[in-house]
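Trainee: One letter stands for each residue in the lines below.
Protein chains: 2
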Amino acid sequence: MTQYKEIKAEILAIGDELLYGQIMDTNSHWISQELDKIGVRVVRRTTVGDNRDAMLSAFESAEKIADIILITGGLGPTNDDLTKPLLAEYFNCELALVPEALEAVRTFFEKRGRELTDTNKLQAHLPTKCIYIPNELGTAPGMWFQENGKIWMSMPGVPHEMKRLMSDHVIPRIKENFTLPHIYHKVIKTVGIGESWLSDLIQNWEKNLPKHIKLAYLPSLGQVKLRLTAFGDDMDQITNDVENEITKVKPLIDKYIFGYNQETLEEAIGRLLRTNGKKVAFAESCSGGYITHLVTTVPGSSDYFQGSMVPYHNHFKNKLLHVDQNTLKEHGAVSEATVIQMAENIKTMFEADFGLASSGIAGPGGGWKEKPVGTVWIACAMNGKTITKKLQLTQDRMLNIQLTGVAVLNMLRLCIEGKTE
Amino acid sequence: MTQYKEIKAEILAIGDELLYGQIMDTNSHWISQELDKIGVRVVRRTTVGDNRDAMLSAFESAEKIADIILITGGLGPTNDDLTKPLLAEYFNCELALVPEALEAVRTFFEKRGRELTDTNKLQAHLPTKCIYIPNELGTAPGMWFQENGKIWMSMPGVPHEMKRLMSDHVIPRIKENFTLPHIYHKVIKTVGIGESWLSDLIQNWEKNLPKHIKLAYLPSLGQVKLRLTAFGDDMDQITNDVENEITKVKPLIDKYIFGYNQETLEEAIGRLLRTNGKKVAFAESCSGGYITHLVTTVPGSSDYFQGSMVPYHNHFKNKLLHVDQNTLKEHGAVSEATVIQMAENIKTMFEADFGLASSGIAGPGGGWKEKPVGTVWIACAMNGKTITKKLQLTQDRMLNIQLTGVAVLNMLRLCIEGKTE
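Top line first, the protein sequences correspond to chains A and B. Sequential numbering of the first sequence, starting at 1, is according to UniProt numbering. Sequential numbering of the second sequence, starting at 1, is according to UniProt numbering.
Hints listed in this document are in silico derivations from the structure and should not be mistaken for laboratory results. Hints are supplied without guarantee of correctness; some may be wrong.
[Stated by the list, open to error] Facing chain A, a subset of chain B residues (Cβ under 8 Å, in silico): (1) R112; (2) G113; (3) G194.
For glycine and all other residues, C-beta sits at the position ideal for the given N, C-alpha and C.
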């Protein structure tokens with residue numbers, strides 16, 4: 001990619017409502033994704049309020065670091081919307097009526113059987129240096145500027161209007177104006193190992209990565225994503241380069257890889273169960289239905305998910321899940337003996353191939369010396385054998401529920417794949 | 001409040017994954033809301049990648065415009081994380097081992113029965129000019145700097161770790177260090193009514209709100225929050241003003257109010273069940289354990305939550321939940337007759353005062369002309385009677401699961417409060 005000049009973009013979001021946290025800025029996130037797809041590198045995103053000085057200095061600063069500046073917001077007809085006058089000031093030109101734009105606004109209101117107000121007519125007054133870009137879904141037009149080899153585009157903050165302008169006008173025009181590098185991303189999704197242990201396992205491979213491939217660790221609850229990104233002039237070449245590196249790293253961490261790119265752990269579980277023609281059921285105590293919820297968010301999960309029970313008290317673990325009274329008395333609900341029976345019984349009741357169980361102390365209350373908050377037993381019963389695992393988690397209830405969920409789904413994955421020790 | 005110097009903040013988010021659009025930056029949005037609540041004005045939000053020059057110039061620029069600079073991300077133990085070394089460079093100091101921090105990391109791993117790696121030990125090396133802020137939920141410590149009257153705080157990008165650090169340390173320390181305007185917020189939480197209907201009901205009250213009280217509608221899934229915000233010099237005065245307005249508006253929307261401020265719907269349910277000494281159980285089909293999950297996220301829910309069953313197929317609805325074969329044959333699983341039996345049987349099995357049931361077509365598949373995707377029946381069985389409701393929801397599976405959850409919990413709330421028609 002060295003022969004390419006990297007094309008850099010900054011995304012500017014304008015609006016007090018963003019800075020006050022009243023509206024979440026999903027626009028900048030979406031634009032980042034769209035630019036990433038075509039190999040434009042977003043180098044910064046900035047959000048400023050409806051404020052003259054803040055906006056003008058954001059314009060200046062953006063022009064210094066970016067080839068493309070995409071602006072959303074501040075285009076309403078009201079006085080607190082400053083983007084248009086300030087762009088005119090910044091590019092040192094006047095606002096003038098654009099008949100085509102006025103016609104568009106008029107039509108927009110006619111279609112809705114509404115009268116055109118003077119305030120709305122003002123929306124057809126645009127900086128003389130900009131190219132008018134029609135906004136079919138709203139009244140604030142897009143404005144395209146080209147100055148000193150830099151491209152500026154101002155768009156309304158309303159997401160569906162902005163998205164239409166991006167797809168129909170901005171992306172195609174960017175492709176016309178710049179020679180863009182090819183870019184290839186692949187994400188390896190791992191579970192059951194922390195970021196630092198993962199990096200210890202693959203450090204030699206990481207050291208030897210070719211210069212045009214970048215590695216990023218993206219940790220989330222109980223999972224770590226490894227993102228490989230390659231830039232180059234030949235798409236097939238960089239795709240092969242990345243896939244080759246994945247072939248090299250896979251054996252080092254094979255046991256922890258559950259999928260690639262967008263696939264979630266629960267989707268991977270679904271894929272494995274479906275392809276193996278197996279069914280699953282869950283007996284959840286401390287995880288309180290969370291695992292079942294994850295599994296059933298996947299479309300088509302009814303093909304392999306049989307059902308679940310959440311017996312939250314010993315009485316019901318015995319009465320409805322048929323866990324032996326004495327086992328509960330002698331070992332307690334949070335014990336290996338109990339989760340084994342929970343897993344085996346739920347498997348039988350729901351006629352499943354795999355029965356999984358969780359029992360633990362989610363907290364914040366209920367812990368004691370021998371079994372502190374965060375103590376969790378999980379089990380997976382399958383034909384022939386039942387495996388168990390003890391987890392020592394955190395003091396945080398929600399975190400304990402989520403981490404138990406990840407651990408149980410990972411245990412199921414390893415059982416289906418026959419990767420258990 | 002004019003007598004106060006306005007305290008300005010910039011929020012810096014660090015990470016290529018944000019600029020690539022692979023992770024949505026929800027942190028900056030959340031931090032904006034928290035700062036807004038205490039009267040700190042967020043003047044800019046900036047996102048830059050894991051890049052030395054970009055980060056250093058973001059630091060410089062932030063120091064020029066803000067009194068408080070809050071930084072998230074770039075704190076992992078791996079090589080692509082630069083925040084810590086660059087802060088040391090920016091503040092012109094060394095990284096040195098902080099024994100307290102090392103102890104915290106060690107304990108964090110011991111609790112999980114894991115060995116401390118060298119990579120992890122590095123996380124205890126901090127810039128000598130920073131105050132070490134312990135992160136109970138992760139291994140990357142918070143770092144607090146105070147230089148030339150400006151405050152800097154660096155936090156991990158993992159949302160739950162950042163939120164804990166903000167609530168326990170950053171917000172209190174900001175209040176200590178600055179004189180902030182008096183602000184009183186109160187949020188009225190409603191469920192079961194749309195934003196526009198709500199605004200119709202309260203429009204006259206809203207028109208007559210005193211100038212120093214601002215009203216914001218904050219809609220979320222199936223719920224609408226009404227946030228009243230008063231600014232002033234006298235805290236008692238503005239508190240009374242807001243409470244007076246709430247006394248006025250309450251009768252207009254009483255049936256829809258489930259709580260105030262931070263209380264969630266599932267927490268309100270828990271409060272109502274506990275104070276009334278009642279127990280609850282759920283039979284979930286289309287909601288797939290989601291309702292049970294919500295209820296069990298609340299600490300102490302074992303006091304009133306008995307248990308749940310998720311029988312995902314007719315066979316198990318009959319075999320394990322004892323729904324009549326003929327009912328299932330004649331009316332189908334998604335029918336009033338079926339949810340009535342599901343609710344009444346789960347109530348009996350789990351010896352509860354309230355038995356709730358959901359059965360519907362979450363989608364995307366499984367719908368047909370008479371029962372399109374989004375058709376959901378819900379029921380609540382209590383002593384003496386069972387009430388039902390039919391919902392026509394969306395085409396989106398996840399949305400249907402969530403909206404069913406809100407509808408069932410709201411039905412339970414109205415039953416406990418005796419507010420059902």
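Trainee: Each hint: holds or not?
Mentor: Hints versus structure:
Taking 8 Å as the C-beta contact cut-off toward chain A, the hint placing B/R112 at the interface holds, the least distance being around 5 Å. The beta carbon of B/G113 comes within 5 Å of a beta carbon in chain A, closer than 8 Å, and the hint placing it at the interface holds. For the restraint placing B/G194 at the interface with chain A, the shortest Cβ-Cβ distance is roughly 19 Å, beyond the 8 Å limit, so the hint is violated.
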